[in-house]
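A.B. asks: Sequence:
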Amino acid sequence: MASPRSSLRDQLMHTNGTSPHETITIIVPSLFYTTITTIIVSLLNTKIENLPLQFCIEFATLVLPIILNVTVLADHNLEVLTTSFIICLSVLFCLLPFKPHSPKSDVPQTPDLITNSRSTINIISVVAILAVDFLIFPRRFAKTETFGHSLMDVGVGLFVFSNGIVDGGKTDLGKALKGSIPLFVLGGTRFVVTRQIDYHVPVSEYGVHWNFFITLAVTKIFVSLIFTVVNVRFIWINATLLMISHEVLLQSGLANFVMKNTKRKDFVSANKEGLVSSVGYVYLYLFSAYFSYFVGLKRGKGRRKTSILKFVLCALVTLVGSMICQNYFGISRKLANPAYCFWVLFIGTFMTGLYYVFGRLLEDVLGSKLHVRVQLPFIFRAINYNGLTFFLVSNLLTGMVNIVCDTLTVGTTASLVIICVYMFINCSTVCVLYKKQMKLKF
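The sequence shown begins at 1 in UniProt numbering and counts up by one.
No lab work stands behind these hints, which were simulated from the structure alone.
The structure presented is a predicted model; accordingly, all values stated were derived computationally and were not measured.
For glycine and all other residues, C-beta sits at the position ideal for the given N, C-alpha and C.
Hints are supplied without guarantee of correctness; some may be wrong.
[Stated by the list, open to error] Simulated pairs of lysine to any residue, SDA-like, Cα-Cα distance not exceeding 25 Å:
| hint | residue 1 | residue 2 |
| --- | --- | --- |
| 1 | K435 | N50 |
| 2 | K439 | F424 |
| 3 | K439 | E49 |
| 4 | K310 | C325 |
| 5 | K178 | Q196 |
| 6 | K439 | N395 |
| 7 | K310 | I237 |
| 8 | K265 | V208 |
| 9 | K436 | G387 |
| 10 | K170 | I181 |
| 11 | K170 | G253 |
| 12 | K435 | L64 |
| 13 | K436 | G179 |
| 14 | K310 | P20 |
| 15 | K263 | T146 |
| 16 | K305 | R360 |
| 17 | K178 | G387 |
| 18 | K175 | K305 |
| 19 | K439 | L249 |
| 20 | K436 | L392 |
| 21 | K263 | I226 |
| 22 | K435 | T61 |
| 23 | K260 | S278 |
| 24 | K260 | F191 |
| 25 | K305 | V317 |
| 26 | K260 | L249 |
| 27 | K178 | T146 |
| 28 | K305 | V28 |
| 29 | K439 | L392 |
| 30 | K260 | E247 |
| 31 | K265 | S278 |
| 32 | K175 | R190 |
| 33 | K435 | F59 |
[Unchecked claim] Just the calculated beta-carbon pair ranges, DEER-fashion:
| hint | residue 1 | residue 2 | range |
| --- | --- | --- | --- |
| 34 | L51 | T412 | 18 to 24 Å |
| 35 | R303 | G188 | 44 to 50 Å |
| 36 | E79 | I308 | 24 to 30 Å |
| 37 | T409 | D172 | 46 to 52 Å |
| 38 | L241 | H209 | 28 to 34 Å |
| 39 | C405 | L177 | 38 to 44 Å |
| 40 | D406 | F257 | 33 to 39 Å |
Work out the full structure: start from the sequences and follow the hints.
C.D. replies: What follows is the structure in structure tokens.
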């Protein structure tokens, strides 16, 4: 029988969620923080090259605002969104009258929207991994128990989306199997360690033995299996058929099987949430890979109007798809049903599209007018280089924090300090690895 404290943690970790528009207003400001940070580091690098200073500036203007955004400023998200948007545009317009810093021969670098998009997703997700254990984190942002929208629900799906958009459909099954072994090991290790230290993990999230590392491994294998026989150009057909089949099975009783609180007497019933949701993550990954192919994320620059129209089309299709599916079947991260996958795809395509637009603005202002080379934030490059390591370190640190202190009794100021130190260590770790060009492969 669960202890009263475990029951309390269960209630805090799972809620009915928040509204769709609040989820978006929490995520979008990160775009403006990124733009402002990119301007600062790009101009800074024309004068001096000081990596520790650049890291501190990026942490203060990029990571810290995201932490504040999902904690103490969460109830003022509209004000934060408006203010960050005004500051961002003001900075861009203030740069227009300035004379070039360097000769025109210095060709600017086009901002990498894949790096920006993936790294933003990673930072928000990793902040939430620890922050959810503290009362400073709004409960409505925690993972939903059954149906609904929440920030952490989206974060899980966006992590899969961020992996899908860099997959060109060329990973063979052998490499996928080899790459999945460390993920299975990490998943198994996490299960054993959480049991040993008595760290409470809600069973209704993925199951008894299952966790997100195992979901990633299973997704990686099945996606690679599909890509061995289907070209990425036609993968949307397979993804659609898989999605329809999944929803049919859910409506035929599979959803009730997952949602019903029954005895977990065998492996399937013990891990029903993880097994069933993995199907959804597979077609989410496939759709993400097709989105990347359709808009040409990996092919470099194309015509601006055409690219923007493609982003708008993808965002509209996924938004309408999510609304229709939600109206009939509800939206559930626990099931990873079509409504959920379409919702994640909408936010992913919407944010990537915004990064494209602001990237072109930066290219025009910093490049064409000031002849300054556009520099991606170093923290973003480091996270993109070692994304799974960033995620792994965050899990290890979260476990350590929960061993050392009772997070539910920590005050607001102390909670904020702990989360900031945690993110500083996370970012420092991947930055050091990136500086030394050390990539931990999984």
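A.B. asks: For each hint, tell me whether it holds in the structure or not.
C.D. replies: Here is what the structure says about each hint:
1. Taking the CA atoms of K435 and N50, the gap is about 13 Å. The hint holds against a cut of 25 Å.
2. For the proposed pair K439 and F424, the alpha carbon gap of about 19 Å is at most 25 Å, so the pair holds.
3. Taking the CA atoms of K439 and E49, the gap is about 24 Å. The hint holds against a cut of 25 Å.
4. Distance hint between K310 and C325 is fulfilled; the C-alpha atoms sit about 22 Å from each other, no more than 25 Å.
5. Between K178 and Q196, the direct Cα distance comes to roughly 28 Å. Violation of the 25 Å bound is thereby established for this hinted pair.
6. The hinted pair formed by K439 and N395 meets the criterion: a straight-line CA distance of about 18 Å does not exceed 25 Å.
7. With a C-alpha separation of about 18 Å, the suggested pair K310 and I237 falls inside the 25 Å cut-off, and the hint holds.
8. Our distance criterion of 25 Å between C-alpha atoms is met by K265 and V208, whose separation comes to about 11 Å.
9. A threshold of 25 Å between alpha carbons decides the hint, and for K436 with G387 the separation of about 16 Å falls inside it, so the pair holds.
10. Of the supplied pair hints, the one linking K170 and I181 holds, its CA atoms being roughly 19 Å apart against a limit of 25 Å.
11. In summary, the hint linking K170 to G253 is not supported, as the alpha carbons are separated by about 36 Å, beyond the 25 Å threshold.
12. Among the hinted pairs, K435 with L64 is consistent with the structure: their alpha-carbon atoms are about 22 Å apart, no more than 25 Å.
13. Annotation: proposed proximity of K436 to G179 holds, straight-line Cα distance about 22 Å (limit 25 Å).
14. Between the alpha carbons of K310 and P20 the distance comes to roughly 23 Å, so the proposed pair stays at or under 25 Å and holds.
15. This hinted pair checks out: K263 and T146 have alpha carbons roughly 18 Å apart, not beyond 25 Å.
16. For the given pair, K305 sits about 11 Å from R360 by alpha-carbon distance, which is consistent with the 25 Å threshold.
17. Annotation: proposed proximity of K178 to G387 holds, straight-line Cα distance about 18 Å (limit 25 Å).
18. At most 25 Å may separate the alpha-carbon atoms for a hinted pair to count; K175 and K305 exceed this at roughly 37 Å.
19. With a C-alpha separation of about 40 Å, the suggested pairing of K439 with L249 is violated against the 25 Å cut-off.
20. Pair hint K436 plus L392 holds up; C-alpha atoms about 19 Å apart against a cutoff of 25 Å.
21. Between K263 and I226, the direct Cα distance comes to roughly 34 Å. Violation of the 25 Å bound is thereby established for this hinted pair.
22. Between the alpha carbons of K435 and T61 the distance comes to roughly 21 Å, so the proposed pair stays at or under 25 Å and holds.
23. For the given pair, K260 sits about 18 Å from S278 by alpha-carbon distance, which is consistent with the 25 Å threshold.
24. Restraint check for K260 and F191: the C-alpha separation of about 23 Å stays at or below 25 Å, so the hint holds.
25. Taken as a hint, the K305 and V317 pair is honoured in the structure, with Cα atoms around 18 Å apart against an allowance of 25 Å.
26. With a CA separation close to 16 Å, the supplied pair K260 and L249 stays within the 25 Å bound.
27. Distance restraint check for K178 and T146: the Cα-Cα separation of roughly 34 Å exceeds the 25 Å cut-off, and the hinted pair is therefore not satisfied.
28. Between K305 and V28 the CA atoms are separated by roughly 22 Å; this keeps the pair inside 25 Å, and the hint holds.
29. A distance of roughly 13 Å separates the Cα atoms of K439 and L392; the hinted pair therefore holds under the 25 Å criterion.
30. Distance restraint check for K260 and E247: the Cα-Cα separation of roughly 17 Å lies within the 25 Å cut-off, and the hinted pair is therefore satisfied.
31. Simply put, K265 and S278 have alpha-carbon atoms about 21 Å apart, close enough for the 25 Å limit, and the pair holds.
32. Between the alpha carbons of K175 and R190 the distance comes to roughly 23 Å, so the proposed pair stays at or under 25 Å and holds.
33. Our distance criterion of 25 Å between C-alpha atoms is met by K435 and F59, whose separation comes to about 16 Å.
34. Between L51 and T412 the beta carbon distance is about 33 Å. The supplied range of 18 to 24 Å is therefore violated.
35. For R303 paired with G188, a C-beta distance near 48 Å keeps the hint of 44 to 50 Å intact.
36. Between E79 and I308 the beta carbon distance is about 28 Å. The supplied range of 24 to 30 Å therefore holds.
37. T409 and D172 have their C-beta atoms about 50 Å apart, which keeps the hinted 46 to 52 Å range intact.
38. Between L241 and H209 the Cβ separation comes to about 30 Å, which falls inside the hinted range of 28 to 34 Å.
39. About 40 Å separates the C-beta atoms of C405 and L177, a value consistent with the hinted range of 38 to 44 Å.
40. Separated by about 36 Å at the C-beta atoms, D406 and F257 satisfy the suggested range of 33 to 39 Å.
Of the hints listed earlier, those the structure fails to meet are numbers 5, 11, 18, 19, 21, 27, 34, in rising order.
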